[in-house]
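S.K.: Listed below are the residues making up each chain.
Protein chains: 2
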Amino acid sequence: MDVSPRLLVVRRGKKEESFHRGRAVVVNEAGERILSIGDVEAAVFPRSCLKPIQALPLVASGAADRYSLSDAEIALACGSHGGSPLHVATAQSILKKIGSSCDALECGVHWPLDSGESRALAARREEPTVLHNNCSGKHCGFLAVGAVRGLDVAGYTNASHPIMREVTSAISLMTGVELDESQACVDGCAIPAFSMPLARVATGFAHLGTGKESSPSLADASTRIRTAIMQNPIILSGKGRADTRITEECQGDVFVKSGAEGVMAASIPALGYGLAVKIDDGAHRAATAVMANLLLQVLQKHSLVTAKAVEVLKGHACFQLKNWNGTDVGSIEPISLNGL
Amino acid sequence: MDVSPRLLVVRRGKKEESFHRGRAVVVNEAGERILSIGDVEAAVFPRSCLKPIQALPLVASGAADRYSLSDAEIALACGSHGGSPLHVATAQSILKKIGSSCDALECGVHWPLDSGESRALAARREEPTVLHNNCSGKHCGFLAVGAVRGLDVAGYTNASHPIMREVTSAISLMTGVELDESQACVDGCAIPAFSMPLARVATGFAHLGTGKESSPSLADASTRIRTAIMQNPIILSGKGRADTRITEECQGDVFVKSGAEGVMAASIPALGYGLAVKIDDGAHRAATAVMANLLLQVLQKHSLVTAKAVEVLKGHACFQLKNWNGTDVGSIEPISLNGL
Numbered sequence: 003m004d005v006s007p008r009l010l011v012v013r014r015g016k017k018e019e020s021f022h023r024g025r026a027v028v029v030n031e032a033g034e035r036i037l038s039i040g041d042v043e044a045a046v047f048p049r050s051c052l053k054p055i056q057a058l059p060l061v062a063s064g065a066a067d068r069y070s071l072s073d074a075e076i077a078l079a080c081g082s083h084g085g086s087p088l089h090v091a092t093a094q095s096i097l098k099k100i101g102s103s104c105d106a107l108e109c110g111v112h113w114p115l116d117s118g119e120s121r122a123l124a125a126r127r128e129e130p131t132v133l134h135n136n137c138s139g140k141h142c143g144f145l146a147v148g149a150v151r152g153l154d155v156a157g158y159t160n161a162s163h164p165i166m167r168e169v170t171s172a173i174s175l176m177t178g179v180e181l182d183e184s185q186a187c188v189d190g191c192a193i194p195a196f197s198m199p200l201a202r203v204a205t206g207f208a209h210l211g212t213g214k215e216s217s218p219s220l221a222d223a224s225t226r227i228r229t230a231i232m233q234n235p236i237i238l239s240g241k242g243r244a245d246t247r248i249t250e251e252c253q254g255d256v257f258v259k260s261g262a263e264g265v266m267a268a269s270i271p272a273l274g275y276g277l278a279v280k281i282d283d284g285a286h287r288a289a290t291a292v293m294a295n296l297l298l299q300v301l302q303k304h305s306l307v308t309a310k311a312v313e314v315l316k317g318h319a320c321f322q323l324k325n326w327n328g329t330d331v332g333s334i335e336p337i338s339l340n341g342l
Numbered sequence: 003m004d005v006s007p008r009l010l011v012v013r014r015g016k017k018e019e020s021f022h023r024g025r026a027v028v029v030n031e032a033g034e035r036i037l038s039i040g041d042v043e044a045a046v047f048p049r050s051c052l053k054p055i056q057a058l059p060l061v062a063s064g065a066a067d068r069y070s071l072s073d074a075e076i077a078l079a080c081g082s083h084g085g086s087p088l089h090v091a092t093a094q095s096i097l098k099k100i101g102s103s104c105d106a107l108e109c110g111v112h113w114p115l116d117s118g119e120s121r122a123l124a125a126r127r128e129e130p131t132v133l134h135n136n137c138s139g140k141h142c143g144f145l146a147v148g149a150v151r152g153l154d155v156a157g158y159t160n161a162s163h164p165i166m167r168e169v170t171s172a173i174s175l176m177t178g179v180e181l182d183e184s185q186a187c188v189d190g191c192a193i194p195a196f197s198m199p200l201a202r203v204a205t206g207f208a209h210l211g212t213g214k215e216s217s218p219s220l221a222d223a224s225t226r227i228r229t230a231i232m233q234n235p236i237i238l239s240g241k242g243r244a245d246t247r248i249t250e251e252c253q254g255d256v257f258v259k260s261g262a263e264g265v266m267a268a269s270i271p272a273l274g275y276g277l278a279v280k281i282d283d284g285a286h287r288a289a290t291a292v293m294a295n296l297l298l299q300v301l302q303k304h305s306l307v308t309a310k311a312v313e314v315l316k317g318h319a320c321f322q323l324k325n326w327n328g329t330d331v332g333s334i335e336p337i338s339l340n341g342l
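Residue numbers (this note's numbering), protein chains in the order written: chain X, 3 to 342; chain C, 3 to 342.
Worth flagging that the hints you see were computed from the coordinates, not collected in a lab.
By construction, the Cβ of each residue, glycine as well, lies at the ideal position given by its N, Cα and C atoms.
Among the hints, erroneous ones may be present.
[Unchecked claim] Pulled a few chain C residues facing chain X out of the computed Cβ check, cut under 7 Å:
#1 S20
#2 H22
#3 E263
#4 L339
[As the list claims (entries may be wrong)] Calculated cross-link-like contacts (lysine-lysine; reagent style DSS-like; alpha-carbon spacing at most 30 Å):
#5 K324/C with K241/C
#6 K316/C with K16/C
#7 K324/X with K241/C
#8 K324/C with K241/X
Using the sequences plus the hints, can you model the full thing?
M.R.: See the structure below:
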């Protein structure tokens, strides 16, 4: 088995303390590789990276229009949110518009991903509900598809349910990967989890950015999804979180989406590029830093980046580690990416 | 550079999703290797693994006796606690006995490590204090050394302060590594952080288990530290946490201590063995599972383990991953360790 290259070093003082190996790829809209690091044909589970693609049927089915969903509500369907009151209210609003309720959601309950939101919820003496699940927006989107199609939504998270089949088909069309529902694993929020080559995750994001290489209805849906995300980065993830800050500061040039276990994908619509990173060990800290570094280099090469965006991307790619007293104790440093 | 072997696989369904590489070593009290996986001479930062060794001066200086510290209070000085009210009260009790206060602690403030304790604190509408810092017990121990020695404790976290020199000297004696205070990096709680070969961390834990290979006062102190930890595993870390559960269930046969960035060390006093693990990428989940697997194999070989301990160790080494609905979605599986 190939050993993935080292992509990020964690230093204590000047000495290496830990490091992360992984793979990264940039493709154009034809799926051709612009940059490739490590074995990008090996399978990964894109997990929540796929949410913007899994949300395509919400638009393509006509549900978003039928129920007059706002861009913020569509962005929530694409996001892994931090569980703030705004996120919860946005999910509730979708449910109200489609005439459904929390009881229909099959994603399960967890405390907000954002530890500050979690403590704030506890301070209000409340318990988390299914709406605080970081995937609640995506699931509300699935229910909207069920509603517009007039389907019985019970068991909608099963791979063989018509809603999931529509979602799986969108993933196939966008990534070019044939997916067999009988081979599906199960994701954290109960829906099918498929694996595919890392390069195909990037291809899916290239297509999401351009709308090309897919059906006309998915192309239109891609445009709506892209706009919704870029105009509502705070809904996609949460204040101060990487997906939000990068998408926010790149001001329409980029959107990114992270997934569990060290996966992150991005789209640069103006270039028709899709990017994907997988950290072998599943570390989110490394996926974020490596993706920020990759974006920085691609965007700078094409003069697509503002000074503020450079600052934000650099801040995610390479930074000092501080202890509880605010003293510098080390650093996170990406390894230089050649070949761009 | 050597590539460390794969030690743990994270599966989604039956497929590999992530994996961790690392190094592991078991030594006897003479420092001879019983088992060695990967480059165990390469330097690691043992970080909080060293706490039981850093607590030796608390006993050896006479401070523990002078201030009538209980075993629970000594265990807190060896631990990375979860920030429960019991942990906070135990730290307060040390400060009271030595006539000091929170103001003297230089470890900084953070929300409790244990997310449940963090939310409970928020629900009480309280803010964390320096006592909630997972290292507060260790720092109270340092202040106790300062008190018994009649030292000015201001700046006690600096490598050149007499308290830190005494602590550094104890680390040197137990691990056999010459440490240069001018080469110290800085730990999360502001004290010096030294690096050393992984095998020497294991050697330190072998000596902590037997008291041999060190000065008579450190040997006596080792006995007291060992007893204190083994009788108060809940104080060492917290309810349900790995250090606590493993030390608790192994009923005097083992104590373990984890450190930041995927380091974990253990002592099996009856065999005179010290064990240490470092996960290259710094993942705690992998350090715990690999150490549990290593302990299981060593203890079973020497018939030193009860059925309950086997169950607990297996539960940390190899287990099903469940989603928010409680459905099995994958597994954590250690890679078999040969050579035992």
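S.K.: All the hints need checking, so say for each whether the structure fits it.
M.R.: Tested hints:
Among the interface hints, the one on S20/C holds; its C-beta lies about 3 Å from the nearest C-beta in chain X, closer than the 7 Å criterion. Hint status for H22/C relative to chain X: holds, with the closest Cβ pair at about 5 Å, below 7 Å. This hint holds: E263/C has a C-beta 5 Å from the nearest C-beta of chain X, less than the 7 Å allowed. The interface hint given for L339/C is broken, as the beta carbon of that residue sits about 19 Å from the closest beta carbon of chain X, more than 7 Å.
Proposed proximity of K324/C and K241/C is supported: the alpha carbons are some 21 Å apart, at most 30 Å. The hinted pair formed by K316/C and K16/C meets the criterion: a straight-line CA distance of about 19 Å does not exceed 30 Å. Distance hint between K324/X and K241/C is fulfilled; the C-alpha atoms sit about 28 Å from each other, no more than 30 Å. For the given pair, K324/C sits about 28 Å from K241/X by alpha-carbon distance, which is consistent with the 30 Å threshold.
Consistency note: the structure conflicts with earlier hint 4 alone.
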